[in-house]
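S.K.: Work the whole structure out from these sequences, hints included.
Protein chains: 2
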Amino acid sequence: MRTGMLAVTVMLGILATGLAGAAERPVAPNGIVLPERYRGWQAIAPSYRPDKDHIRVILGNETAVKALQEGIRPFPDGAVLAKIAWTTRKHPKFPVAVEPDKFVQVEFMIRDGAKYRETGGWGFARFVGNELKPYGKDPSFALECLGCHTPVKENDYVFTSWPPVPGPR
Amino acid sequence: MRTGMLAVTVMLGILATGLAGAAERPVAPNGIVLPERYRGWQAIAPSYRPDKDHIRVILGNETAVKALQEGIRPFPDGAVLAKIAWTTRKHPKFPVAVEPDKFVQVEFMIRDGAKYRETGGWGFARFVGNELKPYGKDPSFALECLGCHTPVKENDYVFTSWPPVPGPR
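Sequence order for the protein chains is A and B.
The first sequence begins at 1 in the working numbering and counts up by one.
The second sequence begins at 1 in the working numbering and counts up by one.
The set of hints was computed from the structure by calculation and includes no laboratory data.
Mixed in with the good hints there might be a few duds.
Which copy is meant is left open, so a pair is good if it fits within one copy or across any two.
Subject to a maximum C-alpha distance of 27 Å in a straight line, what follows is the list of computed BS3-like cross-link-like pairs (lysine-lysine) [what the hints assert, rightly or not]:
id, residue 1, residue 2
1, Lys102, Lys153
2, Lys137, Lys115
3, Lys66, Lys52
4, Lys102, Lys90
For clarity, every value in this text was computed on a predicted model and none was experimentally measured.
M.R.: In structure tokens form, the structure reads like this:
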């Protein structure tokens, strides 16, 4: 009986936490909620966009990292990639180095081959600025994302590679 | 008795694994062994060095990340920062994006205020190229590292900041 009550209490606790968390999280027009704890995912690679004056880091959850490391295509369902972009500045004490300045946006690709069949098997989302404003007016915004990713269709619509690092892990 | 034998077997197994692992790992002239599993540490920030044509990602273990997030200075003992550098290339399918090409080196700063008192409380190490060749001929190489980091002495010799990311974690 005590175990039963404990289980119910724990479940209610988890439910309450989940609801509170979800309430704070922005939602893209295709229903994608800003993923939790993505900032702690493993770094895949940095990138730099001189045309936009952006510097970026691409992160992946465990499923995405494993697929990249092992060259698995298509990516398995559950793989999620995140790309955080900042404007750049010259390091104040070392101006030959270009580093992040202000937050620009964070973008996601969430793999679910059935759910997102119309956009290459990927759910796209972008959250912009310090308000993390969801990009797009309706779910069709994701077709724009897919359009830009079409040049890498043969790589399952993913631009980023796993960059080489030698030696023991 | 069976439990005892199991424990011994497990311990010998761990010992053997540890020795095999250590044997493969390069050692800097100041005794710093290439840290294990650093590639999985959390991403702190990307950086770009147009003067060297390098793109980089700076990673940190939990102690280092916490200190950066919370502005703790000096860094506590046990904090370790890693910086991986690659040469750059234009993305073959999207040439406005600059991404990693070939591995250049990986560098470390390991905090131990007493052990590394002569180099600002930090143990420095650099492993270069696909052979991960330790940089420096003798332990004095670390004075060169310290020299370059002196402009950020007031930030405990660390160049990298925790870049802003808004919203819930």
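S.K.: All hints, please: hold or fail.
M.R.: Structure-based check of each hint:
no., hint, verdict
1, Lys102 with Lys153, "between (31 Å within a copy, 24 Å between copies)"
2, Lys137 with Lys115, "within (20 Å within a copy, 57 Å between copies)"
3, Lys66 with Lys52, "neither (30 Å within a copy, 31 Å between copies)"
4, Lys102 with Lys90, "both (12 Å within a copy, 24 Å between copies)"
Checked against the numbered hints listed earlier, the structure breaks hint 3 alone; every other hint is satisfied.
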